[in-house]
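Engineer: Residue numbers (my numbering), protein chains in the order written: chain A, 1 to 221; chain B, 1 to 221.
Please note that the accuracy of each hint is not assured.
Note that identical chains are pooled: a pair holds if it fits in a single copy or bridges any two copies.
[Stated by the list, open to error] Restricting the straight-line Cα-Cα distance to at most 16 Å, the calculated cross-link-like pairs of lysine to aspartate or glutamate (EDC-like) are: (1) K185 / D211; (2) K194 / D172; (3) K195 / E167; (4) K218 / E124; (5) K218 / E89.
Hints listed in this document are in silico derivations from the structure and should not be mistaken for laboratory results.
There are 2 protein chains.
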Amino acid sequence: MEVIIMKQLLEANEKVAEENRAYFSTRHILAVNLMGAPGSGKTTLISALAKKLVGIDVGVIEGDIASSIDADRLQAEGIRSSQINTCGECHLDARVIRDGADRLNLAAAIVFIENVGNLICPAEFDLGENLRLLAASVPEGDDKPFKYVPMFSYIDVVALTKCDLKEAVGFDGDNFRKGLSAVSKAPVFEVSIKKDTDEQGIDALADYLRDKYNNLKKGWL
Amino acid sequence: MEVIIMKQLLEANEKVAEENRAYFSTRHILAVNLMGAPGSGKTTLISALAKKLVGIDVGVIEGDIASSIDADRLQAEGIRSSQINTCGECHLDARVIRDGADRLNLAAAIVFIENVGNLICPAEFDLGENLRLLAASVPEGDDKPFKYVPMFSYIDVVALTKCDLKEAVGFDGDNFRKGLSAVSKAPVFEVSIKKDTDEQGIDALADYLRDKYNNLKKGWL
Numbered sequence: 001m002e003v004i005i006m007k008q009l010l011e012a013n014e015k016v017a018e019e020n021r022a023y024f025s026t027r028h029i030l031a032v033n034l035m036g037a038p039g040s041g042k043t044t045l046i047s048a049l050a051k052k053l054v055g056i057d058v059g060v061i062e063g064d065i066a067s068s069i070d071a072d073r074l075q076a077e078g079i080r081s082s083q084i085n086t087c088g089e090c091h092l093d094a095r096v097i098r099d100g101a102d103r104l105n106l107a108a109a110i111v112f113i114e115n116v117g118n119l120i121c122p123a124e125f126d127l128g129e130n131l132r133l134l135a136a137s138v139p140e141g142d143d144k145p146f147k148y149v150p151m152f153s154y155i156d157v158v159a160l161t162k163c164d165l166k167e168a169v170g171f172d173g174d175n176f177r178k179g180l181s182a183v184s185k186a187p188v189f190e191v192s193i194k195k196d197t198d199e200q201g202i203d204a205l206a207d208y209l210r211d212k213y214n215n216l217k218k219g220w221l
Numbered sequence: 001m002e003v004i005i006m007k008q009l010l011e012a013n014e015k016v017a018e019e020n021r022a023y024f025s026t027r028h029i030l031a032v033n034l035m036g037a038p039g040s041g042k043t044t045l046i047s048a049l050a051k052k053l054v055g056i057d058v059g060v061i062e063g064d065i066a067s068s069i070d071a072d073r074l075q076a077e078g079i080r081s082s083q084i085n086t087c088g089e090c091h092l093d094a095r096v097i098r099d100g101a102d103r104l105n106l107a108a109a110i111v112f113i114e115n116v117g118n119l120i121c122p123a124e125f126d127l128g129e130n131l132r133l134l135a136a137s138v139p140e141g142d143d144k145p146f147k148y149v150p151m152f153s154y155i156d157v158v159a160l161t162k163c164d165l166k167e168a169v170g171f172d173g174d175n176f177r178k179g180l181s182a183v184s185k186a187p188v189f190e191v192s193i194k195k196d197t198d199e200q201g202i203d204a205l206a207d208y209l210r211d212k213y214n215n216l217k218k219g220w221l
């Protein structure tokens, strides 16, 4: 019975995800579903990318199980954010995204959807996004693509965060890429953001997103 | 309907958890449910603790969504382990624990149950354990007790892992303890395990577990 209910839930979710896709397309929005484990650096990544994406409106739909710490932080930095609290739920679903997008009220923009910190459940729920970005942090370890296969199979692009800690934690980049390439063709952008003045690799990832946005725009015009 | 199904699931789980509790008690087992985010250092912690708990049999029920990487590693170190694959499920439940315990076939022992790497879902499923240990790693950040309240409320004791990275990531220990103490009375053991010869704080946590085990034993005699 549990399995049947889950199937029904996922089918209902898929229907709303399709509506979200149409909504984003009509408004010329590139929607990026940003997933990752707790503490993988998702909010810091959004903050750094938003500063680089000059000339494009950026908004954030911020998913958390309870608090508004991340949305408050982004708002304080001048990044338009709408908070969704999942009330304990371990992932965002398509239904709550529409409300978050309506509150942002953006058009011709990149909208980051910061999912709940979880390397498992979000990979089951299509949100109607255009791009699935995974923040995988170096201190989590190079074996994660071997252990969290559904998530690493699900994503389009990886931001390997906290790369400044590679040596301190003995991160084996070859092993990480071996595990990833076994299940995914996602390119990897290595980044490190210690503070605004001490960051590496953000430009390349911002350019990648800008290209995706411009390509989508061509389709819209 | 989703809510009703979840309620039924949790009630069924609670019943089996009670049976597990009786099973562990009859066999004089201290069962430790070890939870934590992906990459928080759960397996490394078990490995280090097992070496310190000289004179007590130690076994591990190893929960993963698919692989057997962690159980293989522990077995290679001579630590008796039984693997449970959840087939994608984001947590262990009481039902699968009994099978894992039977395969270990231990008595008068400490059994670590390494839960799936997830800071949300495992906090809903009582396994019939005697103690709930959370591995929270320094690079995850000092704000996690504020953001993952159900988990930090659920646990009995915290191992703050990877403490050697405190300075590198600017971890604010006071903020972490402030968040934790708002929802829990769990003591915090600060540990760091870089290799066998370079570790800090494991003795104190091993002594804490040994005391818990000895106290339980008094009740059994």
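Engineer: Would you mind marking each hint as holding or not holding in the structure?
Structural biologist: Going through the hints against the structure:
Taking the shortest alpha-carbon separations for K185 and D211, neither the intra-copy value of 18 Å nor the inter-copy value of 50 Å comes in at or below 16 Å. In this assembly of identical chains, K194 and D172 lie within 16 Å of each other by CA distance solely across copies; the values are 15 Å between and 21 Å within a copy. Taking identical chains as interchangeable, the C-alpha atoms of K195 and E167 lie at most 16 Å apart only when they sit on different chains, with a minimum of 14 Å there against 19 Å within one chain. In this homomeric assembly, K218 and E124 never come within 16 Å of each other (Cα to Cα): the closest approach is 30 Å inside a single copy and 47 Å across copies.
For a Cα distance limit of 16 Å, the shortest separation of K218 from E89 qualifies neither inside one copy, at 37 Å, nor across copies, at 40 Å.
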